[in-house]
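Asker: Read off the chains here:
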Amino acid sequence: GAVVSQHPSWVICKSGTSVKIECRSLDFQATTMFWYRQFPKQSLMLMATSNEGSKATYEQGVEKDKFLINHASLTLSTLTVTSAHPEDSSFYICSAGTGMNYGYTFGSGTRLTVV
Amino acid sequence: RKEVEQDPGPFNVPEGATVAFNCTYSNSASQSFFWYRQDCRKEPKLLMSVYSSGNEDGRFTAQLNRASQYISLLIRDSKLSDSATYLCVVILYNQGGKLIFGQGTELSVKP
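Chains as they are written, first to last, in our numbering: chain X, 1 to 115; chain V, 1001 to 1111.
The hints are simulated quantities; they were obtained by calculation from the structure and are not laboratory data.
In this text, a Cβ means the ideal position worked out from N, Cα and C, and glycines have one as well.
Keep in mind that the hints are not guaranteed to be accurate.
Just so you have them, the derived chain X footprint on chain V, three or more residues with Cβ under 8 Å [what the hints assert, rightly or not]:
1. 1044-1058
2. 1099-1105
In silico DSBU-like pairs for lysine-lysine, Cα to Cα no more than 30 Å straight-line [as the list claims (entries may be wrong)]:
3. V:Lys1045 - X:Lys41
4. V:Lys1110 - V:Lys1045
5. V:Lys1079 - X:Lys41
6. X:Lys41 - V:Lys1042
7. V:Lys1098 - X:Lys55
8. V:Lys1042 - X:Lys20
9. V:Lys1098 - V:Lys1042
10. V:Lys1098 - X:Lys66
11. V:Lys1002 - V:Lys1098
12. X:Lys41 - V:Lys1098
13. X:Lys66 - V:Lys1002
14. V:Lys1045 - X:Lys64
15. X:Lys55 - V:Lys1042
16. V:Lys1042 - X:Lys64
17. V:Lys1045 - X:Lys55
18. X:Lys66 - V:Lys1045
19. X:Lys64 - V:Lys1098
Estimated spans, in silico, between C-beta atoms of each pair [what the hints assert, rightly or not]:
20. V:Ser1053 - X:Trp10: 36 to 46 Å
21. X:Lys14 - V:Tyr1051: 43 to 53 Å
22. X:Lys14 - V:Glu1003: 33 to 43 Å
23. V:Gly1058 - X:Val115: 43 to 53 Å
This is chain V alone, in the form it adopts within the complex (with noise of 0.2 Å):
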């Protein structure tokens, strides 16, 4: 089982859509949860850190079950320039701080 699994993509969607992304993790020592968005052939760049008490920022929705070990991301009225692949991140405490990618959520919004 991998570490870090996410929904498989590719997801397409209209403009305007509100589409969600789901995230599980098998590791209980992961501490700390982020969602990253990565464009076609360029770096990781951080979208949030994810909180237990949940978190937005304008029109994204990040969201922690630490007891289901699951992290979702909700993105409402989406533009086309959310397309892209969406990477779950959590990063591993007792294994000196490094960071576990999912395989990542490709997402197309269409005009």
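The shape of chain X in the complex, shown without the other chains (with noise of 0.2 Å):
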């Protein structure tokens, strides 16, 4: 079956840096793939849609420039978070698909915490 990488799994960092997180379809080419935020006891919420060779369409509310992503391959898409701050400690899951009928695969996860 498909199968997305992501990495890192967690990441503590200060506040005012940038921490970038891959996301790798190991097995099949995505030219879509999404990156979704979810808040302790809430559920996932969708940040953008990356797309291969064009630029990620951002939902309302989430800032392109602080959230950059960078879909460069048919195989990776990256997200980075860039200024971070404490405000921006959240579960990052980007996830990917073969199919819409067959559903979407999701990375593990990574735990950011911004200090």
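Since each chain comes alone in its own frame, lean on the hints to assemble the complex.
Answerer: Shown next, in the form of structure tokens:
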């Protein structure tokens, strides 16, 4: 089945620094990947849709200059949280899939803590 | 109104019980439907797809009613290992295939 690898699984960083999260499709090509954020006791909230070779589509309320997305190849999308603040601390998850009728596979998630 | 709404939780049931979760969606353009399971502090994992004809996988049965824009999940003979949060998910074809999640329903199965 489709496998999505996400790295790192957890990261602690200082306020003001930037953190890059990678999402890779290991055994399939993904022209589209999705980035989600999940706060404790809440559901996953879509942040943006990452499109290979073009600009990402951001959901309302998500700052594109703060959450930089790059989808340079069919197997890799990266999310960079720039100038991180404690309120950016969250669980970030990517997903990709081989087809809409087969659901999407999620990466293992990245737990970001900004101190 | 949220695009996908689920029963509020938590559901606390004894082992062996049958439990049902409901989900409604507001966007009639929704084309694909799924139930995902999420364990604490882990990523969601696909439990099953949901079809108009209904589908069953062991102790789990999913139903879709397009006219009412309603999805359900039935778990029979609950096991302790079924304890998790169950997420109702719809895919919007007209918005690039993005997934919309319900807020999740927490299930706790007790001995």
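Asker: With reference to the structure, classify each hint as holding or not holding.
Answerer: We went through each hint and held it up to the structure:
| no. | hint | verdict |
| --- | --- | --- |
| 1 | 1044-1058 | holds (count 4) |
| 2 | 1099-1105 | holds (count 6) |
| 3 | V:Lys1045 - X:Lys41 | holds, 17 Å |
| 4 | V:Lys1110 - V:Lys1045 | holds, 22 Å |
| 5 | V:Lys1079 - X:Lys41 | holds, 23 Å |
| 6 | X:Lys41 - V:Lys1042 | holds, 12 Å |
| 7 | V:Lys1098 - X:Lys55 | holds, 16 Å |
| 8 | V:Lys1042 - X:Lys20 | holds, 20 Å |
| 9 | V:Lys1098 - V:Lys1042 | holds, 21 Å |
| 10 | V:Lys1098 - X:Lys66 | holds, 21 Å |
| 11 | V:Lys1002 - V:Lys1098 | holds, 15 Å |
| 12 | X:Lys41 - V:Lys1098 | holds, 22 Å |
| 13 | X:Lys66 - V:Lys1002 | holds, 26 Å |
| 14 | V:Lys1045 - X:Lys64 | holds, 28 Å |
| 15 | X:Lys55 - V:Lys1042 | holds, 29 Å |
| 16 | V:Lys1042 - X:Lys64 | holds, 26 Å |
| 17 | V:Lys1045 - X:Lys55 | holds, 28 Å |
| 18 | X:Lys66 - V:Lys1045 | holds, 28 Å |
| 19 | X:Lys64 - V:Lys1098 | holds, 18 Å |
| 20 | V:Ser1053 - X:Trp10: 36 to 46 Å | holds, 42 Å |
| 21 | X:Lys14 - V:Tyr1051: 43 to 53 Å | holds, 49 Å |
| 22 | X:Lys14 - V:Glu1003: 33 to 43 Å | holds, 36 Å |
| 23 | V:Gly1058 - X:Val115: 43 to 53 Å | holds, 44 Å |
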